[in-house]
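For the first sequence, the working numbering begins at 1 and goes up steadily by one.
Among the clues, some could well be false.
[As the list claims (entries may be wrong)] Pairwise CB distance ranges, derived in the manner of DEER restraints: (1) 224 <-> 73: 25 to 33 Å; (2) 250 <-> 224: 28 to 36 Å; (3) 90 <-> 251: 34 to 42 Å; (4) 82 <-> 302: 37 to 45 Å; (5) 84 <-> 195: 24 to 32 Å; (6) 248 <-> 83: 41 to 49 Å; (7) 60 <-> 87: 52 to 60 Å.
Hints in this document: simulated from the structure, not taken from any laboratory.
Note that the Cβ used here is the ideal one computed from N, Cα and C, for glycine as well.
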Amino acid sequence: MLDIKLIRDEPDIVKQAILDRGKDADVTDVDGILELDSRRRAILVEVEELKRQRNVAGEEIAALKKKGEDAGQIVERMREISERIKEMDAEVREVEARRTELMMDIPNIPQESVPVGPDESANEEVRTWGKPPRFTFEPRPHWEIGEALDILDFKRGAKIASARFTLLKGAAALMERALINFMLDIHTKEHGYTEVFPPILANQESFEGVGQLPKFGDDMYWCRDDNLILITTAEVPVTNIHRGEVLAEEELPRKYVAYTPCFRREAGTYGKDVRGIIRQHQFNKVEMVKFVHPDVSLDELESLTANAEEVLKRLGIHYRVVCLSTGDLGFASSKCYDLEVWMAGAGEFKEISSCSCFTDFQARRANIRFKPASGGKPRFVHTLNGSGLAIGRTVAAILESNQLDDGRVVVPTALQPYMGGMTLIE
RNA sequence: GGAGAGAUGGCCGAGUGGACGAAGGCGCACGCCUGGAGAGCGUGUGGGCGGCUUAGCUCCGUCCCGUGGGUUCGAAUCCCACUCUCUCCGCCA
Numbered sequence: 001m002l003d004i005k006l007i008r009d010e011p012d013i014v015k016q017a018i019l020d021r022g023k024d025a026d027v028t029d030v031d032g033i034l035e036l037d038s039r040r041r042a043i044l045v046e047v048e049e050l051k052r053q054r055n056v057a058g059e060e061i062a063a064l065k066k067k068g069e070d071a072g073q074i075v076e077r078m079r080e081i082s083e084r085i086k087e088m089d090a091e092v093r094e095v096e097a098r099r100t101e102l103m104m105d106i107p108n109i110p111q112e113s114v115p116v117g118p119d120e121s122a123n124e125e126v127r128t129w130g131k132p133p134r135f136t137f138e139p140r141p142h143w144e145i146g147e148a149l150d151i152l153d154f155k156r157g158a159k160i161a162s163a164r165f166t167l168l169k170g171a172a173a174l175m176e177r178a179l180i181n182f183m184l185d186i187h188t189k190e191h192g193y194t195e196v197f198p199p200i201l202a203n204q205e206s207f208e209g210v211g212q213l214p215k216f217g218d219d220m221y222w223c224r225d226d227n228l229i230l231i232t233t234a235e236v237p238v239t240n241i242h243r244g245e246v247l248a249e250e251e252l253p254r255k256y257v258a259y260t261p262c263f264r265r266e267a268g269t270y271g272k273d274v275r276g277i278i279r280q281h282q283f284n285k286v287e288m289v290k291f292v293h294p295d296v297s298l299d300e301l302e303s304l305t306a307n308a309e310e311v312l313k314r315l316g317i318h319y320r321v322v323c324l325s326t327g328d329l330g331f332a333s334s335k336c337y338d339l340e341v342w343m344a345g346a347g348e349f350k351e352i353s354s355c356s357c358f359t360d361f362q363a364r365r366a367n368i369r370f371k372p373a374s375g376g377k378p379r380f381v382h383t384l385n386g387s388g389l390a391i392g393r394t395v396a397a398i399l400e401s402n403q404l405d406d407g408r409v410v411v412p413t414a415l416q417p418y419m420g421g422m423t424l425i426e
């Protein structure tokens, strides 16, 4: 959520941001908010004056009664005022609710350094690492490799659950587990993150706190009987660790890393990535989340991205870093780098991590603040998060990058200790 | 799932329908005291919204005692619903 003061003072900046983002655009909402906001304040001034009168009268009544005198007249007068207050309070509540509703749908303001453009075609490649592997044969996509090795079983995954669920067997299951440990170890032991294992179901407030509700409920699995939702990413529970809290400035930055399964209905992606394990309803992910001081959030985005990149470097997988354009930027994000890994079999780059700075957008929704060390009022922290990395896609990338002409797959050296010394999948 | 208890300021803890947001204590901050520290003494110690002024960090108002409603001229205090925590029983990885 944006600061109402920003919308008041700089409505044109907000409108421009909405236009730059393209698709969610409805600039008239800003005017609607401004109107409701001034209505709200006008009523507030009036009703607070009435409340003041009520408080004064209350003291008078108490004093009169103490003296044993009759306060009937004042009471009678106050009865009317109270009635009026009740009406106006309800009005304020209603106006406020409508204002908040509109505000919840306004996306974050992109950073100035974010390229302006309508969609992913305007994204900017920031850097690349490594080179695409060369083959003396036609490299195959991971689903062919996986089925041939009998480690990816799509048919049975579908039988057990539905399409876009995959049964991992043998070396694939082992690699999945190994990658989780491998990544967690890097981030906890070398990058200074604290490991957490959060609830995999979260309530509605938690989803609202990170900006996934009310807008994107269609993509979630709801347990309606219990009013809980399967998390779409660890960002949801981990960011909400500090919902409603005031941290000490000295506690910043707070850095967490979590492995969790993630669940997405992938509504509206029919026909996209239908083969393989790129787009699944259930997938594993290691996620980094940071709570930082507002002054350093963009630096923290760079280091967060570097932390994610480190995993790919250790695994020796070719990738590039892309700065998303305004049109491709997530709703809550002010700046975002995607790490795209080279899928040797498919011959294209695929997103494997998304590292975002949300400035105070999530913190305002989730009410996460810090107390400045120099004193003064609490301020909103800035939040960031990034995958480090999506596990399934990493498996796919390894299978495709490290395949041999006979169908076997070389286990990356760095991962071998995590797979019981296995060097080759055959 | 059944039965019961409870939710007050950073923490502990009192609280009557009407007294700067609330006794007391702890903690914390500043000051005094001290050669220094401690003790002691003194002062202070939350947040949201809004107004004025256009920035007072020591202005004014309003709201906040789990959350949301209700009763009342007035509610932390009475009523209702919900949420959470704790104890016991049952079931269970």
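Hints and how they fare:
Taking the beta carbon of each, residue 224 and residue 73 are about 55 Å apart, not inside 25 to 33 Å as hinted. Remark: the range hint 28 to 36 Å for residue 250 to residue 224 is contradicted by a beta-carbon distance near 42 Å. Taking 34 to 42 Å as the suggested C-beta distance range, the pair residue 90 and residue 251 conforms, at roughly 40 Å. Under the hint 37 to 45 Å, the C-beta atoms of residue 82 and residue 302, about 57 Å apart, miss the expected range.
Distance hint check for residue 84 and residue 195: the Cβ-Cβ separation is about 56 Å, which falls outside the suggested range of 24 to 32 Å. Between residue 248 and residue 83 the Cβ separation comes to about 46 Å, which falls inside the hinted range of 41 to 49 Å. Separation of residue 60 from residue 87 is about 23 Å and departs from the stated range, judged on CB atoms against 52 to 60 Å.
Hint compliance for this structure: hints 1, 2, 4, 5 and 7 are broken, all remaining hints hold.
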